[in-house]
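Q: Let the sequences and hints guide you as you build the complete structure.
Protein chains in written order, with numbering that gives the first Met the number 0: chain H, 0 to 257; chain Y, 0 to 320.
Calculated directly from the structure, the hints in this document are not laboratory data. Careful, some of the hints might be misleading.
Claimed, not checked - In silico DSSO-like links for lysine-lysine, alpha-carbon gap of 27 Å or less:
(1) H:195 x H:255
(2) H:90 x Y:140
(3) H:255 x Y:140
(4) Y:226 x H:195
(5) H:30 x Y:226
(6) Y:156 x H:255
(7) H:30 x H:197
(8) Y:140 x Y:258
(9) Y:318 x H:255
(10) Y:156 x H:144
(11) Y:288 x Y:318
(12) H:255 x H:197
(13) H:189 x H:80
(14) H:80 x H:144
(15) Y:288 x Y:258
(16) H:195 x H:80
(17) Y:156 x Y:140
(18) H:30 x H:144
As the list claims (entries may be wrong) - Just so you have them, the derived chain Y footprint on chain H, three or more residues with Cβ under 8 Å:
(19) 76-83
(20) 192-202
In this text, all values refer to a predicted model and were calculated from it rather than measured experimentally. Glycine included, each C-beta is placed from N, C-alpha and C at the ideal position.
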Amino acid sequence: MNVVVCVKQIPDPAAPPSLDPETHTLDRSGKLILDESDTYGVEMALQLVDTAGGGEVTLVSMAPNSETGGLRAALAMGASKAILVSDPALKGTDALGTAKVLAAAIRRTEYDLILAATESTDGYTGTTPVQLAELLGLPSITFAKSVAIDGSTVRVERQTEAGFDEVTAPLPAVVTVTAGVVEPRYPSFKGIMAAKSKPVDEVSVADLGLDGQVGVTGARQVIVDVVAAETRTQGEVVEDDGDGAARIVTFLEAVKAI
Amino acid sequence: MTVNTIWVVAEPSSAGITTTSLELLTAARSLAGEVAAISWGPATASNASVLGEFGATTVHDVGDLGGTLPGVPVAAALAALVQSAGAPDAVLVPASYDGRDIAGRLSARLDRPVLTNVTGLAEDGTLVSEHPVFGGSLTVKSRFTSEGPGIFVIRAKSFAAEPAGGAPASVAPLAIPDTSATGTAAITASHAEERSGPALDEAAIVVSGGRGLGEASAYSMIEELAKLLHGAAGASRAIVDAGWVPYSHQVGQTGKTVKPSVYLAFGISGATQHLVGMKGSRTIVAVNKDRDAPIFSIADLGIVGDVHKVLPALIDLLKNR
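A: Below you can see the structure in the form of structure tokens.
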């Protein structure tokens, strides 16, 4: 059972974000870390390989610089190896371009299942895994809240508006997992040390034969303007002197909610 | 170039067509002269009147999918229609579970980019879409530079759904081309979660909890208060990620967009991720122990205090009314 996990290295969500003054896309020039959303897929993959009794977890990622900090964090959790597509030409790549890059990288490795988060924390486009599935000619099941392998079939509980559906697909397949699908492990000290020597195969856009299909040109969309959004005026902010609940009741009465 | 034709992905629901789809039809007819819907499921013929009422002249009916997940067959049928009928200026897709699948599949099939998290659309020679970023403090405006169709995935409640009194849409069957291995994901069973109150995205009052609740068991107070107010219980991403409550309760960029008349936030700091999903609420009440929490900057009433004191006291006051 070989599982590929698509992971993204993103600017620290806790730090104030900024837009690139030239392209108006998110400024990703600083330190990048592993998107926390991806830790669920990594953990799921490790558990599935463990249950299958063999195989390995391969990370696939894309970054405009040679950032590997986030990949090392996922390798420390237990993934075996990583493919990093790194190239300055990737700056400004959109969701479909990203899917093309990931598809080309994934074709270089063995896989039975491809996992990804439902969307990244920084860009949150949420279409890349499905675009990837289409490019690879695979079925996909999105919004998984549980994943199990049954022979050559993947069984998923998929989130719906009303509750959840049980969905199956033959392997190989692409599955996107929601947060909470599993409890991600913390890397052990041993894991962190081992991650330093695990292979990270760095490839360029030219290696993948995707010249001209990525970056700002490949994105075929432009940001025409960035404007300040309508702001709400701040109301009353008071310390709770034991009357906080009563103030809320008064407010609810005033707006006729009760 | 002006906008002539827009196709809208009209998602069926147990009650007919989803509200978001009707919002998209309303927006489409204000932007383009010719609006068509693409729908599926066993009831398209009976949905033709509501689709017509909201502006569609034709509904392309992909038919009953017999348990196949909609993403692949609907996108394949749409792509084939683009080839045979010519590309519309835009395809509008609701930002739902299946809508995102359809948009992604269509994008890759047609080799066209996609713009997601759209909350506004305007015509300025070509279509310009609006996207909230950084918690909705900035609006980014984008347009495609590729040939059509432009694929826009639009968030719920971006437009009001208003009927225009049009005649029923004419139903045109649309065949699904061979999708080979891609179309093999199938639904084998469906489960509906029990819900006592209104749906989260339709409730007039939403009570949400966040990390400030301290532990999973404290969420029961959020549920109790929601019930007392005949509202729905929501949650921040932090406690959904922590596994305290199911994803279906999540309010924010990744979860549901809500616009209730009152939004009550307990122990939610107001990360940008959360604000995008609720800042359109008519009024906002926030309780947080941190005076500098960003949620206070958009609250009509902010209480700097301990949710473990304020919540039980509020529940008591409401019970004794």
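Q: Starting from the hint list further up, note which numbers the structure goes against and sort them upward.
A: Structure breaks hints 1, 3, 4, 5, 12, 18, 19, 20.
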